[in-house]
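Novice: Just so you know, the protein sequences line up as chains G, V and Y, in that order. The numbering of the first sequence is the working numbering, which starts it at 372 and goes up by one. The numbering of the second sequence is the working numbering, which starts it at 133 and goes up by one. The numbering of the third sequence is the working numbering, which starts it at 2 and goes up by one.
These are computed hints drawn from the structure, not numbers from a lab. A few of these clues could be false.
[Stated by the list, open to error] Now the in silico label distances, taken between C-beta atoms and shown as ranges:
#: 1; chain 1: V; residue 1: 174; chain 2: G; residue 2: 448; range: 36 to 42 Å
#: 2; chain 1: G; residue 1: 613; chain 2: V; residue 2: 415; range: 49 to 55 Å
#: 3; chain 1: V; residue 1: 216; chain 2: G; residue 2: 525; range: 42 to 48 Å
#: 4; chain 1: V; residue 1: 149; chain 2: Y; residue 2: 252; range: 41 to 47 Å
#: 5; chain 1: Y; residue 1: 118; chain 2: V; residue 2: 237; range: 44 to 50 Å
#: 6; chain 1: V; residue 1: 411; chain 2: Y; residue 2: 19; range: 58 to 64 Å
#: 7; chain 1: V; residue 1: 149; chain 2: Y; residue 2: 129; range: 43 to 49 Å
This one's a predicted model, so the numbers in the text were calculated from it and none came from an experiment. For every residue, glycine included, the Cβ atom is placed at its ideal position computed from N, Cα and C.
Chain by chain, the residues run as shown.
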Amino acid sequence: MTALLSVEDVRVTFPVGGLFARLAGGPGEIEAVAGVSFEIGRGECFALVGESGSGKTTLARAIIGLQEVASGTLHFEGAEITGLGPAALKPVRRRMAMMFQDPVGSLSPRLSVRALLAEPFRIHGLTDRDLEAEVRRLLALVGLPPEFAGRYPHQLSGGQARRIGVARAIALDPVLIVADEPTAGLDVSVQGDVLNLLNDLRERLGLSLLIITHNLHVVRQVADRMAVMYLGRFVETGETEAIFAAPRHPYSAALISANPEPDPDAARNRIALPAEVPSLLARPSGCEFHTRCPWVRERCASEAPPLGDGARRVLCHYPLEPGDFAAPGMSSGIVEAGGPGGARSSPSEGAG
Amino acid sequence: MNVLSVRDLTVEFRTPGGRLRALDRVSFEVGKGRILGVVGESGCGKSTLINAILGLLAENGEITSGTIRMSDGRDLTKLGDAELRAIRGQRISTVFQDPMGALNPVLSIGRQMRDIQYRLPLSRAEKDARSVEMLRKVRIPDPESRLVQYPHEFSGGMKQRIAIAMALMMEPELLIADEPTTALDATLEVATIELLKELQRDIGCAVLFISHHLGVIAELCDAVIVMYAGAVVERGEIGTIFHHPAHPYTERLLECDPGRLHERVGRLPTIPGEIPDLRQRPAGCIFAPRCHRAEPRCAEPPPDRSVGPGHVARCWLAGETAEARA
Amino acid sequence: MSSVAEPARPRHAGLAALGRVLAEPMGLFGLALVVLVIVSAVFADQLAAYNPTRMMPRDRFADPGWTHLMGTDHLGRDLFARVLHGGRIALWVALVATSISLALGAVLGLIAGYGPRWLDNLLILIFDAVKSFPTVMLALTLVTLFGPSLTAVMVVVVLVATPSYARVIRTQTMALKTSEFILAARAMGAGMGRILRVHVLPNVIGPVLILASMDIPVVIAIEAGMSFLGLGVRPPTPSWGAILNDGFTNIRETPWIAVAGGLPVILTTLGFTFLGETLRDVFDPRLRREG
């Protein structure tokens, strides 16, 4: 069976600096997404995890066609969709929907919920349908009473607005939904609600999901497979449960350990990362994580590691073994640049 | 001795749709050198509480009852603007979610840190030396040379650390930290919390730490107050609240935190329903409409029941549930 | 009057705003003046006893009195009738010219703000070039080329006003361009026309409407000014500017003619300015700085 979506070696770049900066020998562009490959099967939920600046949102926008791809290819339902214009993309956009981060901000402020829900049909010229009935159907699908049709975005709570966002996404029966931070800005008591809804809809409608998030708890509850992104690259890819059970890339391990547990007596097995994320303008040499890696060795600074192959891929010279988790770097607090393992000062700290 | 003690604080706002009670008889205290967490979801009144303490309520807001006392017994609700200004930034300082709110983009870090010390009878060089010392404490590498730099030349994590340094510069009695780590990535968040804890120990100030993130509260705080719809529904020591919550809301909130779930579950726990319209507060318990244990008597306003030492819950069932569990 | 007022429901926003305008003394005064001017212009035929162009040689330079409320001019025309009908012309010019400028400014501003960078640069260049041309010289040039007429007045107004409206719309459109609800519409496959019409325009038009309401007195002044100079309406069509001009010739003997032409200009300007400023404060206090 062919994959629903396949992403091959996709790069997204942004120009930086003016003409003079480029003449002076500046980089001219940054690579927000630096060669990423993965596939999503039918009915599968795949999660992209990473912190701000990791390129996860850019990658999502490239997939949905809101961002130009510098190189690499995108295939959706067997056909190539790389670089298609708006007209050629229009049929694709019925099959692939996107949910944006801000629950309220992604709804047009002057439109009523009724108009917001009818919009997908209007855009695709499906006005011969009974739009009022469609609106009621969609509201029911996401568990909101029909009275909500008359409300405006600012009259909705975050959770309700998010439900409207979900309803808009599923309006045209897509096969893939790209959800950028579906729980961002929502209270804990509502987050579960939205995730349950997405899980339900996935089961009932046979949807595939691509979830972009920095929240690992979310990933664990919905994703079958996941990829951890750092500076525009996948540093680890694999089954969600396998990665949570034994992360093999030091960064994945640090991310998983960085989630404070709501238990004051919990043992804090924390991997503290020194310094801060390097700038994309000055990518570190060798393994790009070596400036922050508590396990860094000599080779890491000079030689870029291979990503490897198979279901579980790790971009690391010395992947962690299950027992390594509690090895070095268990000290807490911000370790100054040049801290453990002799990591050198990171570019962002020095560049200023 | 308490650095801050709030008693029966009620704040109302005049709105076109009627009077809105944003805080309802809020009581708590922060002891010297203690970190008190404030937990609650959107609309619970966290920001109103901070603004009331700082004397920065919006024009249409009004403290209708209650007191906010500092360690010297002065009631902040009775002070004039000039006196409040003298307290803000010197005895009470604040760190906000967005560090750019605290940093002026057109002034160098050194200049801003010097300005904070305007009350100190020190020379410019001495003030700069103190600034460098403080920046070193918050782990800004090479602080001497960074004093002349501007806020935009620092990364997000560093900006928040500088904001913390500035807030602690005058060694306040009380630091109000309003979601200071929410905008930061997880790996920076834990680092910032550790730093805050260390500095607090160093300076010995009390901290009022506001967050919606239960994990962060659990890790950092000594005690916690749980807010819902403008009321402190429960307060107590951190271990007590997290292990033996007495209020149904606290209980449900803790259950909802996905950080508790170490494996995939079929359905995630949630609290059905919405926060009620604060302009039409129900006569009885404010949480009753969403409460899974509501009883007929919950239609009456619940008392603040003492459940254990320092542990109070605003719930009819409070003592009983604790006993039942024990 | 609260500063943290809840956003009103869009359906009742109009009524609520009217209430707030009436609550301000300046707004109430402005609205009263504007209503007075509009009513007198609309019912000019019923209110005035004479035809504004009818000459009554026997009544030349008549004093204001019961027969002629404001007196008559050097041709014996009833000034009250001329003032009311002049108001009609003034309002008509203001309304038509402002509407055309608004429509044109909105379209150009949306395109400049949403379209490609080069088009934006080109449009901005044109706006600046037009704006840098002094209004008086622009008016003189046009009249020299095409002769004095109401159309000339309107063209001048449109040329002067359109760039300012377009600029405001452009800036706001650019700010909205990357907002998530626009991205969401694009991700759904919405075309540029739909995005601009449904999602951008309703969110950017408010401030420009307020600007336009404040520009109405300016347009009225331009019309009066051009007619005063003989560049606007042609005699015998009544216009406040023309009345003023007639009055100036004989200001020593019959000052009421100048007053009849000048007073309505002042009152109308005051009325629209007060109303516009109140509207601005009610809807969008941020505009105050851009002014």
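Novice: Honestly, do residue 216 of chain V and residue 525 of chain G meet the 42 to 48 Å range at C-beta?
Specialist: 33 Å, violated
Novice: Given the hint of 41 to 47 Å, check if residue 149 of chain V and residue 252 of chain Y actually sit that far apart at their C-beta atoms.
Specialist: The hinted range 41 to 47 Å is violated for residue 149 of chain V and residue 252 of chain Y, with Cβ atoms some 58 Å apart.
Novice: That 58 to 64 Å hint for residue 411 of chain V and residue 19 of chain Y (C-beta), does it hold up?
Specialist: At 24 Å between Cβs, range violated.
Novice: Mind checking the hinted window 36 to 42 Å against the Cβ distance between residue 174 of chain V and residue 448 of chain G?
Specialist: 39 Å, holds
Novice: Given the hint of 49 to 55 Å, is the C-beta distance from residue 613 of chain G to residue 415 of chain V inside that range or not?
Specialist: 53 Å, holds
Novice: Falls inside 44 to 50 Å, the C-beta gap from residue 118 of chain Y to residue 237 of chain V?
Specialist: For residue 118 of chain Y and residue 237 of chain V the Cβ distance comes to about 26 Å; the hint is violated.
Novice: Would you say the C-beta atoms of residue 149 of chain V and residue 129 of chain Y sit inside 43 to 49 Å of each other?
Specialist: 46 Å, holds
Checked against the numbered hints above, the structure violates hints 3, 4, 5, 6; every other hint is satisfied.
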